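Let chain U serve as the given structure and place chain P on it in line with the hints.
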Amino acid sequence: MPGDMRRDFSDREELIAYLAAEFPAAAAESDAVSATIGGRQAAEARLAAMRPAPYAATRNFLSGAVTRLSAYIRHGVLSLAEVRRAALQAVTRPEEAAKLINELAWRDYWQRVYAEIGEGVWENREAYKTGLSASDYAPELPADIATGTTGLACMDAFSHDLISTGYLHNHARMWLAAYVVHWRRVAWQAGARWFLSHLLDGDPASNNLSWQWVASTFSHRPYIFNRENLERYSDGVYCRECPLRSNCPFDASYETLQARLFPDAPPPAAPRRRR
Amino acid sequence: MSMQNPIIWVHGDCLSPRHPALAAYPGAPALFVWDEELLAALRVSLKRIVFMYECLLELPVTIRRGDVATEVLTFADERGADGIVTSDSPSPRFRRIRERLETALPVRVMPVEPFVRARQRLDLARFSRYWQAIQVEALSDSSDNAL
Chain U
0 MPGDMRRDFS
10 DREELIAYLA
20 AEFPAAAAES
30 DAVSATIGGR
40 QAAEARLAAM
50 RPAPYAATRN
60 FLSGAVTRLS
70 AYIRHGVLSL
80 AEVRRAALQA
90 VTRPEEAAKL
100 INELAWRDYW
110 QRVYAEIGEG
120 VWENREAYKT
130 GLSASDYAPE
140 LPADIATGTT
150 GLACMDAFSH
160 DLISTGYLHN
170 HARMWLAAYV
180 VHWRRVAWQA
190 GARWFLSHLL
200 DGDPASNNLS
210 WQWVASTFSH
220 RPYIFNRENL
230 ERYSDGVYCR
240 ECPLRSNCPF
250 DASYETLQAR
260 LFPDAPPPAA
270 PRRRR
Chain P
0 MSMQNPIIWV
10 HGDCLSPRHP
20 ALAAYPGAPA
30 LFVWDEELLA
40 ALRVSLKRIV
50 FMYECLLELP
60 VTIRRGDVAT
70 EVLTFADERG
80 ADGIVTSDSP
90 SPRFRRIRER
100 LETALPVRVM
110 PVEPFVRARQ
120 RLDLARFSRY
130 WQAIQVEALS
140 DSSDNAL
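Listed in order, the protein sequences are those of chains U and P.
So for the first sequence, numbering that gives the first Met the number 0 puts the first residue at 0; every next one is plus one.
So for the second sequence, numbering that gives the first Met the number 0 puts the first residue at 0; every next one is plus one.
Warning: the hint list may mix true and false statements.
[To be verified] Which stretches of chain U does chain P cover? Using the computed rule of at least three CB atoms under 8 Å from a CB of chain P, they are:
1. 13-25
2. 28-35
3. 38-49
4. 85-98
5. 110-119
6. 190-199
To be clear, the hints were calculated from the coordinates, so they are not data collected in a lab.
Nothing here was measured: the structure is a model prediction, and the numbers come from that model.
Where a beta carbon is used, it is the ideal one built from N, C-alpha and C, also for glycine.
Next comes chain U alone, as it looks inside the complex:
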């Protein structure tokens, strides 16, 4: 019927060209397209490749055995329940799947919170525990972060990956979010909006509440990292090439960074290292 959008495409290129023409504002935001293909068939292939025990052992490494299921779960192509069952079926003892199921539970948890607070996911759930008030944080994302031109090889790579692939490893999301909020003092909402534009799994609940977890507006203390942590879990790939490797803002102990970033924080706000 007139008004119906097309369903017949000879290949992916034709689909992409059609959608770029139909949604010019989205293409202007970024015309990059992910290598991740949508649909149940692709989702089932990823599900079949899921390895819960290696996931538990290596998930914090960017090169780790992560599942890449998040976009399919976000859009309900796979349900959390069936991924949970598949994880249990892929192991001999349930404990081997515990870490993966714990991470699935984070999404369920954020969805349950979302059902209770709705648009409240955009508001600070609690005050910052950084010794700063909400008005100390800039409302907009700085252009050098959005364009990946900060000079920091790690953060610039994460920015480019976000925009070109629509995906970031969870640890990279946490590092980038901590950099935006704590090193650059930008309101988490600005970072959350940026992620929602680009992440294939972008969801107001998981995304915003995770930003709030990093920011400390939905956790007991801010999340920060240091160079040692980033270098280890990225296998050093960014630090080796970084023009700022001898002038790295992350190259310090957690105690030093805490004092530098949060000089006015109340005493017990020891930073959390990772989830």
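Below, chain P alone, put in the same frame as chain U:
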């Protein structure tokens, strides 16, 4: 509430061929609407649209764009539908659209299979408390989670 001739409203939180409404009403006309106001508000980039469109191409749905409630009701009118079936979502936008639909037609919201069946009211103040409450269930293969 008995519907003889419903349409199915498919939204972006459930783009599965195993959609509970598609399973419950096989052959019923189904519609997905690109929410233009939401796309603009979130400044959604092209790659997200491509991913979702590829999901949609595996579903037996008509695809349109515009104001979601208006388009769903127009589609229902075209098909002479006596109701609308959809799947649940925690999104407040979903709730507002559903409320607009309900001013014109009965709406049946089908649950999606829960991650776990919580046996008590869950304390959501912190993840640790929630996980404490559900972890035995979550790691159990024998629970009756199938709907």
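The hints, checked one at a time:
Closer than 8 Å: that is the beta-carbon criterion, and the stretch 13-25 of chain U has 8 residues meeting it against chain P, so the requirement of 3 holds. Requiring three or more residues with a Cβ within less than 8 Å of a Cβ of chain P, the coverage given for the stretch 28-35 of chain U holds, as 7 such residues are present. Coverage of a stretch by a chain is defined here by at least three residues with a beta carbon nearer than 8 Å to that chain's beta carbons; for the stretch 38-49 of chain U and chain P the count is 4, and the condition holds. With 6 residues having a Cβ less than 8 Å from any Cβ of chain P, the stretch 85-98 of chain U passes the three-residue criterion, so the hint holds.
As drawn, the stretch 110-119 of chain U meets chain P at 8 residues by the rule of a beta-carbon pair under 8 Å; at three or more, the given contact holds. Counting residues of the stretch 190-199 of chain U whose beta-carbon sits less than 8 Å from any beta-carbon of chain P gives 6, enough to reach three: the coverage restraint holds.
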